[in-house]
Amino acid sequence: MKHLLGIEGLGRDDIEHLLDLTDSFVEVSRRRVPKVPALQGRTVTWLFYEDSTRTRLSFEQAAKRLSADTLSFSVSSSAVNKGESLRDTVETIEAMGVDAIVVRHRSAGVPHQITKWVSGSVINAGDGWHEHPTQALLDCYTMREHLGGIDGLRIAVVGDVKHSRVARSDAWAFTELGAEVTLVAPPTLLPPSLDGWPVAVSHDLDAVLPKVDVVYLLRMQRERMTEALVPSLREYTARYGLTRSRVDLLGDKAIVMHPGPMNRGIEIAADVADLPRSVVTDQVRNGVAVRMAVLFELLGSGGER
Amino acid sequence: MKSVLIRGGRVVDAGGERAADVAVEDGRIAAVVADGSEPSADVVLDAGGCVVAPGLVDLHAHLRQPGREEAETVETGARAAALGGFTCVLAMPNTDPPVDSAGVAREVLELGRDACCEVHTSAAITVGRQGAQLTPMAELAALGVRFFTDDGNGVQDGRLMRRALEYARGLGVTLAQHCEDAVLAAGGAMHEGAWSSRLGLPGQPAEAEELMVMRDIALARLTGGRVHFQHLSTRRSVDLVAAAKAEGLPVSCEATPHHFTLTDESCASYDPAFKVNPPLRPADDVAAVRAGLAGGVIDCIATDHAPHPQEDKEQPFDQAPPGMLGLETALALALTHLGLPIVDLLALLSWRPAALLGVGDRHGGPIEAGRPANLSVIDPAATWTVDPSALASRSRNTPYAGMTLTGRVRHTLLAGEPVVVDGEAQR
Chain S
0 MKHLLGIEGL
10 GRDDIEHLLD
20 LTDSFVEVSR
30 RRVPKVPALQ
40 GRTVTWLFYE
50 DSTRTRLSFE
60 QAAKRLSADT
70 LSFSVSSSAV
80 NKGESLRDTV
90 ETIEAMGVDA
100 IVVRHRSAGV
110 PHQITKWVSG
120 SVINAGDGWH
130 EHPTQALLDC
140 YTMREHLGGI
150 DGLRIAVVGD
160 VKHSRVARSD
170 AWAFTELGAE
180 VTLVAPPTLL
190 PPSLDGWPVA
200 VSHDLDAVLP
210 KVDVVYLLRM
220 QRERMTEALV
230 PSLREYTARY
240 GLTRSRVDLL
250 GDKAIVMHPG
260 PMNRGIEIAA
270 DVADLPRSVV
280 TDQVRNGVAV
290 RMAVLFELLG
300 SGGER
Chain D
0 MKSVLIRGGR
10 VVDAGGERAA
20 DVAVEDGRIA
30 AVVADGSEPS
40 ADVVLDAGGC
50 VVAPGLVDLH
60 AHLRQPGREE
70 AETVETGARA
80 AALGGFTCVL
90 AMPNTDPPVD
100 SAGVAREVLE
110 LGRDACCEVH
120 TSAAITVGRQ
130 GAQLTPMAEL
140 AALGVRFFTD
150 DGNGVQDGRL
160 MRRALEYARG
170 LGVTLAQHCE
180 DAVLAAGGAM
190 HEGAWSSRLG
200 LPGQPAEAEE
210 LMVMRDIALA
220 RLTGGRVHFQ
230 HLSTRRSVDL
240 VAAAKAEGLP
250 VSCEATPHHF
260 TLTDESCASY
270 DPAFKVNPPL
280 RPADDVAAVR
290 AGLAGGVIDC
300 IATDHAPHPQ
310 EDKEQPFDQA
320 PPGMLGLETA
330 LALALTHLGL
340 PIVDLLALLS
350 WRPAALLGVG
360 DRHGGPIEAG
370 RPANLSVIDP
380 AATWTVDPSA
390 LASRSRNTPY
400 AGMTLTGRVR
410 HTLLAGEPVV
420 VDGEAQR
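As you go down the protein sequences, you meet chains S and D in turn. At position 207 of the first sequence (counting the first as 1) the number is 206 in numbering that gives the first Met the number 0, and the numbers step up by one without a gap. At position 332 of the second sequence (counting the first as 1) the number is 331 in numbering that gives the first Met the number 0, and the numbers step up by one without a gap.
Excised from the complex, chain D in its bound form (with noise of 0.2 Å):
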């Protein structure tokens, strides 16, 4: 394997930051010297105007496959995710056949183990992602999978998220929850209020979010299992979990870029680009949403990457999928938008995330000698317009066409190996 050196970056990780070379070795950062070091290495990264930084980790990605591999595949979702400055993904389990017996989870993990990053799996709560039978969980567990949830779909049934909170406290795994009242939310396309009102658009009110989250809340209450609460969007629904956070209770949550980016009124060009779960809301949710990351309450940044072919998202706005490309605007709309010190900003990115997956002990640092040399290089100060052609996905539904943001990746680094590079991914 060859040895890398990152020379002339600022090194930041929960400790702090320092300008600093880093020296990598064998997988594993052999050294973060201070004052400029030889470049000795057989590959040396410029990290000039750069911060290093530990790779960042998503929990929530749709790769796509097995089944809809038009969309996406394990190998290009794990590209896009490189690019973005992830070392780290979580699949959600809603492929086709669904993550929910231990037979597709090893696929997925299969399929992840040449990519140009560690694909772990989410698997679903129940069989089918049906609400109805608990997946083998234990068998699941065993594989090494720590997220469980039926995303895209909430579970509706109370009794049985009981019953699944109080299973998975016994195997120390979390349950993700997509919080959304199905029958509340039947048919919105849009969330409900003055915007659906006026296009026309069947909405889904915030309280389908918020009635879930509340309810889960409870469940954790009664069972001490333990919650994360996905792409959270409403300003109750940040007010509940800090609530829940102050009383002790085992629960998290993550925020995504297009819930703190975007508001309703984008829906009123019509574009299915917009289209998403939990929907676009007012502008009140979105601050309240930065506000929850700023302040803490929301643990982590995720992208809810979902890929979907052109024609799928050609449908009227009312019969298109939800979902938008995330993993490779991510940390350029947080730069961009969220005004955070850069070291508020990785927390959030990556050794958050990282510790709620349980996979600190190889991602989200510290950058130090002997740490698994899982690494991204950010130029924090890169201006690039974002061309939905020029994306690494397999689809191309980006709500972000032709806007211009800043921040970029420069390199990242999987367990030592360089896998983007100036901007390109190597494999």
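For reference, chain S alone in the conformation it holds in the complex (with noise of 0.2 Å):
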């Protein structure tokens, strides 16, 4: 694997490559020094064009403890603010000498058009509504640790899948490792096509939440309003979100998800969130394990762990 730029594409053996690959670095993690030489004398620089807290500082806690050296771009200092093209921007970093280029931009596509003009790799931390394989693999990783497995679990992922690029990631990688995924949400927040999507699509929380093993709940965000996809925040916390009642139509074992960062009292009740069933923080902690994986796996051939 060169490059990682999205889930879409990758085959059941490569993402459960990437997961069996994480359990050595969780081990790592738990170490009392918690730091390999696997990446020693590599590179690897983070391009933000959108602001990150959670996802940024994962990758760059990954490569830490991977022994990566680190070039941290600031893009709201940068030439970018002087008018400096996105491909000048890649080809300067570049030159420095970087072996991977973790991106994330605004528009669905960018790390696609990154690498044609890079020889490293590009690592895509969230482009547009498109993808964030990162996130999905630690969601997977995570729906392992606590289920056993991900084939055959129901999973129902609500909120606004439009809009997600988390949701796309997810729905493949779910899929492909044998879940069967409903999407949740008014139609006004869901792709307007779901051709070829191996998903079931449901506007009803309450007749999908007894039925399902995995409630993964999206960010909501405020400026949907505004553009006429729902009436308001109220409007739809009282359907589509997961509020204290709602949770006692789940099973007992059934887990609740969220990518972070949490709108409590819209899509998870603040009382929610706290609950034992929700995993939220450790998707979190797996994140780093799941991006040292990915570091590893693209540029750690021959490095010695």
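No wet-lab data here; the hints were simulated from the structure. Each hint should be verified, as a subset may be incorrect.
[Claimed, not checked] Using C-beta positions, here's what the derived DEER-type ranges look like:
1) S:K81 with D:V126: 29 to 39 Å
2) D:R27 with S:S118: 55 to 65 Å
3) D:T403 with S:E93: 28 to 38 Å
4) D:G143 with S:K81: 42 to 52 Å
5) D:A217 with S:S118: 49 to 59 Å
6) D:Q155 with S:E49: 28 to 38 Å
7) D:S268 with S:G177: 27 to 37 Å
8) D:H336 with S:S118: 30 to 40 Å
Given the structure is predicted, the values throughout are model-derived calculations rather than measurements. All C-beta atoms, glycine included, are put in the ideal place defined by N, C-alpha and C.
Starting from two chains that each stand alone, build the complex the way the hints lay out.
As structure tokens, this is what we get:
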């Protein structure tokens, strides 16, 4: 694997290989000194055109635990604000000698475009509404950890699927690994066409909850109201929010997931977020190990762990 | 002026085809001789294996001058046109400043005077293409402007479009409409459908085009004004125009090579070379455009040649400007992909657009003694691979890079002068 641009197109074997690799990095993370020299001498850089705290910190932590050198590129204080083009920025970074560029951009497809201009690896850390592959991998890993496996799981992905890169990556990953996925949202928050998506659709969260092993909540953004996609956040919460009373519809072992950052009181009630069945902090913790696995897979051939 | 003999070709015009040599003198066709003639002219052009056709006419070319000379100039665009077999192009008015006054129209016409093909200009329907106030259409029509369009923008305001059509009817000019409901299409970077959903790109629905086609057909009925629908791209748009024509309304339409060759699946590369307005559509729409071209509903092929500098097309897909080059590939794409007899292709590329533009006295044939010698000599069997760096356009944004096409222009004559000889521009 040279780049990680998306989950779509990866096979089951590819995904499982990365999850298996993650196991060994989880083990590393538990050590007293959670650091290995696997990527010594390799340089990883972040190119984040969109604000992100958790994903960026998670990648940084992953790279450091692998002993990679890291270069941080802050878009807001860079030449980009002086009008430098994407290509010039990327080629400038490349010229400094980097082995991987981790890119986040608000436009779909930017990681694909960048691959044409660099010789190193490109890792998609979120592109527009398109994909966020490492999020899907850490979600899969977390499910495997809590529920033993993904094959045969019934998963509801609830909320603004239309504008969600997480939902797209998750839908491909979960179904590729054998889960049954139901997208739950008002029609305005679903993609205009689901042709070719191996998923079911529902507009009725209450009917779906009793049947699922995982309820995966997406972040609801306030600006969606101004686009006439939902009448109000209040109405959204009333129909699609995971309230305390709705949690009682879930089976005993069902877990609650969220990619963060959560809007408590909107897509997830505050007291639900803090229930034991909510595994949000496990997702964040596993994110580091998953990203170590991805960096190692792309850069680490020949390195020792 | 040198005399020219086009020798050994197959002459094709609306009247049919025959093997003949074409002698040109003083800018006009002097003789069309069936039997091998003596090569007594100053210049003898070999047309062996070629079709000798009336020059092609493009109703939709963005020549970018004034204002965007880094993308194209009238000179470079006209050269690209001649290499593509065109002897007449209609420049679009979305320049900077736009062609919304007699002064800018005169500038474009002046720039075209010594170009490789005859350059006409359209003018905007509204001042600044802002959709609010009519341009001085009578003054512009007096300069020879026959087509008015806010191309790039559709005229959104139905009342304004009605008035424009009524006013245009009084001048005998045509309103060419870029059909796109701006609100419904807002933010859409590609066709809304299965591919946009998958790629996470904002889409614009086919209905954004179709609703405006529908409205303007109604307004043509109301006003009697003549509407030309630009770059139709959906099955329902074609059906709507077919019904309007059956009703006898004064409407015509065009389709572009990219809308009969490429689908929205191309956008999966995220290469902004495939970003265009109206967007590339699914295969069923492409099939409908082809059927419309074959069946006569669509009057002509127009290129929508839209040059953009490389740096603009290296932006993220949703931010890059829409548009692709077309002049140098249109004929070859039609020959390669439409599977129509050459005479039908030439109807779409030459005499029908010539008649719509009102230049049928000079362009579009017939090829007979006394007519102005605007001719294109086409080798329909020549295969070539599209190399962006070899194009004459100042820009490189072709979606066909690396594609092998069949059919190429060997010579082009503009008013009797060979402006392209053996595939090389002469000026």
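Please check whether S:K81 and D:V126 have a Cβ separation lying inside 29 to 39 Å. Distance hint for S:K81, D:V126 holds at roughly 35 Å.
Quick check: does the Cβ-Cβ distance between D:G143 and S:K81 fall within 42 to 52 Å? The hinted range 42 to 52 Å holds for D:G143 and S:K81, with Cβ atoms some 45 Å apart.
Note whether the CB distance of D:H336 and S:S118 lies within 30 to 40 Å or breaks it. 36 Å, holds
How does the Cβ-Cβ distance of D:T403 and S:E93 compare with 28 to 38 Å: does it lie in that range? 32 Å, holds
Given a hint of 55 to 65 Å, does the C-beta separation of D:R27 and S:S118 actually sit inside it? Taking Cβ atoms as reference, D:R27 and S:S118 lie about 59 Å apart, which means the hint holds.
Taking the Cβ atom of D:S268 and the Cβ atom of S:G177, is their distance within the range 27 to 37 Å? 30 Å, holds
Taking the Cβ atom of D:Q155 and the Cβ atom of S:E49, is their distance within the range 28 to 38 Å? 32 Å, holds
Evaluate the given range 49 to 59 Å for the C-beta pair formed by D:A217 and S:S118. Because 57 Å falls inside the window, the suggested range holds.
In this structure, none of the earlier numbered hints is contradicted; all agree with it.
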